[in-house]
Structure formats: C-alpha cells, structure tokens
Amino acid sequence: MNFIDLRRIIKSGFQNFVRNSFVSLSSILIMVITLAVATMLLLSRTVLNIAIADLENKVDVTVFFDVGVDEERILGLKSEVDVIPEVASSEYISATQALVDFRERHKDDELTLQALDELGGNPLGAMLNIKANNPEDYAQIAVALGDVGALSESSIQTIDKINYYQNEQVIERLLAITTGARTLGTVLVIVLSIISILITLNTIRLTIYSARDEISVMRLVGAGTKYVRGPFVVEGILYGLVSSVITIILFFPVTLWLGERLTLFFGVNLHEYYLSNFFQIFLILLVVGIVLGIISSTIAVRRYLKR
Amino acid sequence: MIEFERVSKVYPYTDIEALHGIDLTIKEGDFVSFVGHSGAGKSTLVKLLLGEERPTEGSVLFQNEDINSFSHREINNYRRNIGIVFQDFRLLSNKTVYENVAFAMEVAGKTDEDIADDVPYVLELVNLQDKPNSFPHQLSGGEKQRLAIARAIVNEPALLIADEPTGNLDPVSTFEIIDILKKINKLGTTVVLTTHNTGVIDALKKRVVTLEKGKIVRDDEHGSYIIAKK
Chain A
1407 MNFIDLRRII KSGFQNFVRN SFVSLSSILI MVITLAVATM LLLSRTVLNI AIADLENKVD
1467 VTVFFDVGVD EERILGLKSE VDVIPEVASS EYISATQALV DFRERHKDDE LTLQALDELG
1527 GNPLGAMLNI KANNPEDYAQ IAVALGDVGA LSESSIQTID KINYYQNEQV IERLLAITTG
1587 ARTLGTVLVI VLSIISILIT LNTIRLTIYS ARDEISVMRL VGAGTKYVRG PFVVEGILYG
1647 LVSSVITIIL FFPVTLWLGE RLTLFFGVNL HEYYLSNFFQ IFLILLVVGI VLGIISSTIA
1707 VRRYLKR
Chain B
21 MIEFERVSKV YPYTDIEALH GIDLTIKEGD FVSFVGHSGA GKSTLVKLLL GEERPTEGSV
81 LFQNEDINSF SHREINNYRR NIGIVFQDFR LLSNKTVYEN VAFAMEVAGK TDEDIADDVP
141 YVLELVNLQD KPNSFPHQLS GGEKQRLAIA RAIVNEPALL IADEPTGNLD PVSTFEIIDI
201 LKKINKLGTT VVLTTHNTGV IDALKKRVVT LEKGKIVRDD EHGSYIIAKK
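Going down the list, the sequences are from chains A and B.
Each residue of the first sequence is one higher than the one before, counting from 1407 in this note's numbering.
Each residue of the second sequence is one higher than the one before, counting from 21 in this note's numbering.
Because the hints were derived from the structure by calculation, they are not lab data.
Glycine is no exception: its CB is placed at the ideal position from the N, C-alpha and C atoms.
Hints should not be assumed to be uniformly reliable.
For each label pair, taking beta carbons as the anchor points, the in silico distance ranges come out as [unchecked claim]: (1) A:Thr1631 x B:Glu85: 19 to 25 Å; (2) B:Pro152 x A:Arg1451: 52 to 58 Å; (3) B:Gln158 x A:Arg1667: 52 to 58 Å; (4) A:Thr1631 x B:Gln158: 52 to 58 Å; (5) A:Ile1600 x B:Val30: 41 to 47 Å; (6) A:Val1693 x B:Asn101: 41 to 47 Å.
As a list, the in silico EDC-like pairs of lysine to aspartate or glutamate whose alpha-carbon atoms are at most 16 Å apart [claimed, not checked]: (7) B:Lys130 x A:Asp1411; (8) A:Lys1537 x A:Glu1486; (9) B:Lys115 x A:Glu1486; (10) A:Lys1417 x B:Glu163; (11) B:Lys151 x B:Asp132.
Below, a sample of chain B positions facing chain A; criterion: calculated Cβ distance under 7 Å [as the list claims (entries may be wrong)]: (12) Asn96; (13) Arg100; (14) Ile104; (15) Asn114; (16) Ala124; (17) Glu126; (18) Val127; (19) Lys130; (20) Lys151; (21) Val237.
Bound-form chain A, shown alone:
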C-alpha cells in the first residue's frame, strides 16, 4: 500500500466517522461502557488487593510476658523466634514502652489513667509482636512458639499468654474471606471483560452490517480489499481513540467521588491511586480501545469482502 492509498483511506475513514455521526456516537457509547467496566474492574481489583494486604498486615501474634521477666531472656527468645522460617519479623516492646503506648491509647480515658496512677509502678509486662510471611502460617508459628517456650527453662513462668489462641477464629475467617475475594475478583474481571468485549464486537458488526450495500457498491466499482476495509478500520481506531479519552476523563469525577467515600473502608484513596497511575491506565485504555476497534471492524468487513 503506497502513501496516496493510505492518505485516501484515512481521509475516507474520517469522513465516514463524521458523516455517520449517529452511528459513530452509538458505537462510541458502547465502547465507553466496555472501557469503563474494564477500568472499574482494574481499579477495584487493585484496591481490593491493597485492602486485603493491609488487612492481612494488621494480623499478628503477640506474646505477652510476665511482669519482671528479664529483657535478655526475652531477646534470647526473640532470636529463636526469628529463626522460624514462617516468621517475617518480630518486634520487641519493652515494659516501659508498653506503658507509654498504653497511656497514649487511653489518653482520653481519665478513669483508666487514674487507676493506673493509683497502682503505682508498671503493671504491664513486655511483649513480642510477631508477623508471619503468610496469614496461613500463624497457626504453625503459635505451635512453634509453644515449642520454643517449652525448650527454654522456666518458660511457664515467663510467657503470660499468646494471643493467637484468642484470635484464632477471626484469623481463619479473615483468611477465608480474603482468599474468596481474590478469586471472585479474578473471575469477575474475566467474565465481565468477555461480555463487554462481545458487546462491542457486535455493535461494530451491526454498524458495518448497515453499510453492506455501500460495500457491495464499492466492490462493483472495482475497489480492492484495502479500499473497502481500510476506512472501516480507520473508523474502528477512531472509536477506540475517542472512547478511551472519554473514559479516562469520566473517571476523574468518579474516582474523586468514590475516593472521598471509600478511603476509610479500603485504606487506599482511589482518586490518588488513579492520578498516580494516570498514564498507565490511559495507555491500557487506549491500546484496548484501538485493538478492539481494529479487530471488530476487520472481522465485520471480512464477511462482505467475498466475491
């Protein structure tokens, strides 16, 4: 195909796009819906993943030590805990720090603080916060902690309690929910993407179906395949281009609105996420839109190109 052909085809595609404005508009509308669904899925999946990770991060196991246990002894236990493969990190909180934290947490609670003052001294023991690599590992860690405790001398007096056993059910339920949410998210993305792609394909197929008489006239005038198909492909590209621009603009107010309302719930601001990933999202939309336009118009014209 030479330059003149290309120029004529592009010009013709633009003309059809403008002159069939109603048809173009409906195709664009459908494509915007498709792209919006895709963007929505993309965003919600990302946000969901961040929220789940955040939630999982909040889960930990805390070992509470008896009051007055030696710091050295606890640090010794900590080094033993750190060796357990499932453990991601552990954090030692001394009794003094625990008291400071406690006062901070209850700073508005006069009664508790008064009671604390009356007790005198530090009634709190030291703590060891343990985070696992995977939430599934907490049960194993708790068991391992028991072993570690049993091995070390007079452990019965040192460890007050391990809170895993109080939270066991909550952790397991959370685990089930997050796994379910991830699977559901993936399935939804796939199913909805397929549906919206099919709808777009069909819409463009219909617009070209309405042009089948024109195609037969072009064939009779002796127009080769490229002259018939070319302008439709150009139109398809334009649909994709315009639709992706509309969609990306549309998501400014949408994410702003959602961001204001859902930040607390998800732990991530949708709008900020959208803005910081703006160009990636736009690129994805652009590519998806244009490829969709090209593929559907090519498929649609093909059946009218037979002799």
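Mind docking chain B on chain A? Use the hints.
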C-alpha cells in the same frame, strides 16, 4: 469484445434455468439493448458480465479472456475497466457527488491531479457541474442516475453496462439518460443496455436482442421492441 459461448445458468437450489444456450457476440463500439419480460434472463446476463455469477455451462469472454477464470485481483481490475449503471443507482450515500466520482478514480489508482482534472469534466458531461457538494439523498432520480453514469465513465471504460437505468425515472429523465448513453457510445465506448421500456428502444434505433425464458428469440440490427404478448 464480448462473447457468450453456449452459456447456461441454473441458480443453485432452484430448477429454473435463467439462461439457456446463449451464443452472442458484441463488437467494440456496439450499442446493444437487451429486452424481455421480467425473468427473461436480462439481469442474469448482466451478472455474468460483471463476474458476480458464474455460468453453469459455457463461458463468457471479455477481450478473449474467460471472466470466470479471473482471480480476486483480476476481477477488481476488470471491474475498473467497465462502467456499470443500475436501476437503483447504487451510489455511496455518505459521499458527495464529487466524491462518488472521485472514489471510482481513487480505487483505480489515479493521481490527485487526474482526479482534479477529470471529475469536473465528467460532471459537466452529465450536467451535474453545479452540484459537486450535494449528497445523493439531495438529488432527484434523474440526477442520481446521471451521477451514476458519471461515475461509470470517469475511468474511460471500454464497456458501459446499463442495467434498467431508466426503470425508476420519469419520461423526461429517461430521455436525458438515453441521450447521455448515446453520446458516450459516440465517443467510442461499447454500451450494453437492458430495458423493457418500449419508447427507449424505438428511439435508439440500435441493435436489439430479445430474450424470452432464458433464450435469445430475436437479434435485430436496427430493432424495435417486439415481444410476443404473454
């Protein structure tokens, strides 16, 4: 130029023989009219000439080449070499008068300069020079058909096929069209016309081939419209 050699055509899934044993020669520069009732085989004849349908038996030759043996690309080249006019005009509805004519030149690979020179010329020839920017839906029936003719002749085809070109037109427009066809024929283009308009045939005084039930029943050098009443 065109030869039909024992051509028969049976459409698939029907037992109707649209054409039967047609032998016919059309010489360069001829003006041949095909007449006959609906279903006599005129449209089938045109479709075979265009390569839209293949003969069941026999062959159709254009300049000694079998149309049926043309490849996809060859058939496109061939169609650019013949002009076609239909009863229902078949214009490109979202292109202007000018663009409809220019399109035929574009697909034939003509340069922009040629297009800029030739399109106004043929538009003048069919008396549409004042409406280059009109769309087909803004034209009258006669104007549409004149535009179709302009498009058909702009590439200076050796052959112009006019399939019932006046079927949808009033008498005044009909004779405008016939005048233009005669003018084109005088300039050297072979014209094949199908019609069942008695007046047209009588006014032309050219060769008339009469078809009946898929067979040639008359072939008169300066014929008039004579068909057995049904």
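Okay, the hints, checked on the actual structure:
1. A hinted range of 19 to 25 Å holds for the C-beta pair Thr1631 of chain A and Glu85 of chain B, which are about 22 Å apart.
2. The supplied range of 52 to 58 Å is met by Pro152 of chain B and Arg1451 of chain A, whose beta-carbon atoms lie about 55 Å from each other.
3. Checking the proposed 52 to 58 Å range against Gln158 of chain B and Arg1667 of chain A shows it holds: the Cβ atoms sit about 53 Å from each other.
4. Range check, Thr1631 of chain A to Gln158 of chain B: Cβ separation about 31 Å, and the 52 to 58 Å hint is violated.
5. Between Ile1600 of chain A and Val30 of chain B the C-beta distance comes to about 45 Å, which sits within the given range of 41 to 47 Å.
6. For the pair Val1693 of chain A and Asn101 of chain B, the supplied restraint of 41 to 47 Å holds, since their beta-carbon distance comes to about 42 Å.
7. The suggested pairing of Lys130 of chain B with Asp1411 of chain A holds, with an alpha-carbon distance near 10 Å, which does not exceed 16 Å.
8. Proposed proximity of Lys1537 of chain A and Glu1486 of chain A is supported: the alpha carbons are some 14 Å apart, at most 16 Å.
9. At most 16 Å may separate the alpha-carbon atoms for a hinted pair to count; Lys115 of chain B and Glu1486 of chain A exceed this at roughly 82 Å.
10. In summary, the hint linking Lys1417 of chain A to Glu163 of chain B is not supported, as the alpha carbons are separated by about 26 Å, beyond the 16 Å threshold.
11. Taking the CA atoms of Lys151 of chain B and Asp132 of chain B, the gap is about 20 Å. The hint is violated against a cut of 16 Å.
12. At a threshold of 7 Å, the smallest CB-CB gap from Asn96 of chain B to chain A is about 5 Å, leaving the interface hint in force.
13. Interface restraint check for Arg100 of chain B: the shortest CB-CB distance to chain A comes to about 4 Å, inside 7 Å, so the restraint holds.
14. For Ile104 of chain B, the interface hint holds, the least distance from its beta-carbon to any beta-carbon of chain A being 6 Å, beneath 7 Å.
15. The interface hint given for Asn114 of chain B holds, since its Cβ lies 4 Å from the closest Cβ of chain A, which is under the 7 Å cut-off.
16. Taking 7 Å as the C-beta contact cut-off toward chain A, the hint placing Ala124 of chain B at the interface holds, the least distance being around 5 Å.
17. Among the interface hints, the one on Glu126 of chain B holds; its C-beta lies about 5 Å from the nearest C-beta in chain A, closer than the 7 Å criterion.
18. For Val127 of chain B, the interface hint holds, the least distance from its beta-carbon to any beta-carbon of chain A being 4 Å, beneath 7 Å.
19. Taking 7 Å as the C-beta contact cut-off toward chain A, the hint placing Lys130 of chain B at the interface is violated, the least distance being around 10 Å.
20. A distance limit of 7 Å between C-beta atoms decides the matter here; for Lys151 of chain B the minimum to chain A is near 17 Å, and the interface restraint is violated.
21. Taking 7 Å as the C-beta cut-off, the interface hint given for Val237 of chain B is violated, the closest approach to chain A being about 29 Å.
Of the hints listed earlier, those the structure fails to meet are numbers 4, 9, 10, 11, 19, 20 and 21, in rising order.
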